[in-house]
Each structure stands twice: as structure tokens, then as C-alpha cells.
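Single-letter residue listing:
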Amino acid sequence: DAGITQSPRYKITETGRQVTLMCHQTWSHSYMFWYRQDLGHGLRLIYYSAAADITDKGEVPDGYVVSRSKTENFPLTLESATRSQTSVYFCASSGLTRVEPQHFGDGTRLSIL
Amino acid sequence: TQLLEQSPQFLSIQEGENLTVYCNSSSVFSSLQWYRQEPGEGPVLLVTVVTGGEVKKLKRLTFQFGDARKDSSLHITAAQPGDTGLYLCAGADQTGANNLFFGTGTRLTVIP
Numbered sequence: 005d006a007g008i009t010q011s012p013r014y015k016i017t018e019t020g021r022q023v024t025l026m027c028h029q030t031w032s033h034s035y036m037f038w039y040r041q042d043l044g045h046g047l048r049l050i051y052y053s054a055a056a057d058i059t060d061k062g063e064v065p066d067g068y069v070v071s072r073s074k075t076e077n078f079p080l081t082l083e084s085a086t087r088s089q090t091s092v093y094f095c096a097s098s099g100l101t102r103v104e105p106q107h108f109g110d111g112t113r114l115s116i117l
Numbered sequence: 242t243q244l245l246e247q248s249p250q251f252l253s254i255q256e257g258e259n260l261t262v263y264c265n266s267s268s269v270f271s272s273l274q275w276y277r278q279e280p281g282e283g284p285v286l287l288v289t290v291v292t293g294g295e296v297k298k299l300k301r302l303t304f305q306f307g308d309a310r311k312d313s314s315l316h317i318t319a320a321q322p323g324d325t326g327l328y329l330c331a332g333a334d335q336t337g338a339n340n341l342f343f344g345t346g347t348r349l350t351v352i353p
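Just so you know, the sequences run in chain order A and B. So the first sequence is numbered by our numbering: it starts at 5 and just counts up by one. So the second sequence is numbered by our numbering: it starts at 242 and just counts up by one.
Worth flagging that the hints you see were computed from the coordinates, not collected in a lab. One or more of the hints may lead you astray.
[To be verified] According to the in silico footprint, chain B covers these stretches of chain A (three or more CB under 8 Å from chain B): (1) 17 to 29; (2) 66 to 77.
[Said to hold, decoys possible] To give an idea of the chain A side of the interface with chain B (calculated C-beta under 7 Å), a few residues: (3) L47; (4) R102; (5) V103.
[Unchecked claim] Per the computed footprint, the stretches of chain B lying under chain A, defined by three or more beta-carbons under 8 Å from a beta-carbon of chain A, are: (6) 281 to 293; (7) 340 to 351.
A virtual CB, placed ideally from N, CA and C, is assigned to each residue, including glycine.
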């Protein structure tokens with residue numbers, strides 16, 4: 005089925021480890037986004053991408069790295085995980101602009117011990 | 242950062258009651274989106290309002306965009322347990338920077 009898929013759904017790791025969260029979409033949408041969702045903060049944009057090989061920082065990019073070698077994939081890497089990065093991470097996509105309605109994956113719940 | 246404040250933060254009501262949730266900002270938006278998020282899932286778009294003063298109805302849900310395009314409201318008539326979830330508003334920046342800003346959400350629980 006068409007859609008946006010995130011993996012893994014749940015991940016527990018330790019501080020200092022590298023973690024990669026995967027995101028795959030089948031709509032061929034131009035834009036893809038990574039958000040984190042925390043109580044009291046709502047959805048905060050980490051990074052976004054307008055097309056393959058084009059990425060840009062969002063509101064809270066520190067400690068995260070992204071890449072987009074193919075239109076359909078947009079992985080998010082925590083190079084050295086910290087406890088403050090414990091959160092629920094959502095990937096989203098939209099067709100032509102950053103402000104179009106976004107289609108979200110079901111999230112990855114990441115716990116860093 | 243353009244702050245979008247949603248109120249109330251939490252709302253618990255009985256099935257059959259009516260309710261209104263609010264999304265307010267000091268900034269003007271070119272459009273505003275409403276999403277609903279259920280536990281363990283990502284947000285799903287309910288509606289987009291574009292014109293100041295616009296009212297859109299989706300079954301028992303009525304959405305209104307303020308005349309000045311700074312605020313919006315969502316009214317639910319005769320709430321049902323299936324309406325339970327986190328309601329998020331998101332405003333589209335009108336300055337040309339093309340940012341979408343999400344509010345912090347209203348968590349609604351409808352008790353059978």
C-alpha cells in the first residue's frame with residue numbers, strides 16, 4: 005500500500021550510541037520532514053528536505069544528521085545519542101511545498117538510557 | 242518562531258456534549274490546518290482553512306478561521322468516544338519563508 009513508513013517503531017539505546025531512524029514514502033512527494041514530539045512542546049521540526057540531495061535545518065537540528073540520496077528515503081541519524089533526545093519522532097511528507105498538508109508516519113518511540 | 246497557542250490543553254467530557262477548542266497566535270497565517278492524532282499514530286489532516294472568516298464543516302466538526310487569519314476554532318457537536326485524540330493546529334507562514342508551525346495541541350477525551 006502507498007504511504008509513509010517509519011522503522012523501527014520502538015528503539016531503546018544507550019547514551020553515546022549512534023542511532024538511525026528510517027523513513028520511506030511511496031508517493032514520490034518532493035518534501036520530507038522530521039519532527040520530534042515531546043509533552044509541552046508539540047511537534048518541533050528537526051530537518052526537512054525539498055528534494056533528493058537538498059536538506060535544511062529546522063527549529064531543533066543540533067545532534068541530528070540527515071541525508072536524502074533517493075526521493076523516497078529520508079533517514080535521521082543521532083550521531084551520539086543523549087538522554088535529551090528521548091522522544092517520539094515523526095517523519096512526514098508533502099507534495100510540492102512546505103506548507104501543504106503533510107502526511108505523517110506512525111512514529112518511532114526512542115528511549116535513550 | 243511563530244507561537245501557536247492551543248486551549249484548553251486538556252479536555253475531558255461526556256459523550257453527547259459539545260465542545261470548542263481554540264488555536265491563537267499574534268501572527269497572521271496564509272492558511273491553517275487542523276490535524277487529529279490518535280495514540281500510537283501520526284497526525285492525520287482534518288481540514289485546511291484559507292480565507293479569513295471561512296467556516297468549514299466536516300460532519301459534526303465545524304472549523305472557523307478568524308477574520309484576521311490569526312486564530313481558529315474547532316467546534317464538535319455531540320461528541321463521541323471516537324473523537325478522542327490530540328487535536329493539533331498548524332499555521333502556514335505568510336511571509337514567504339514557507340514554514341508550517343504546529344501548536345502544542347488539545348488532548349480530548351470523550352467518556353462513554
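| query | Where does the structure disagree with the numbered hints, that is, which hint numbers, in rising order? | reply | 1 and 2
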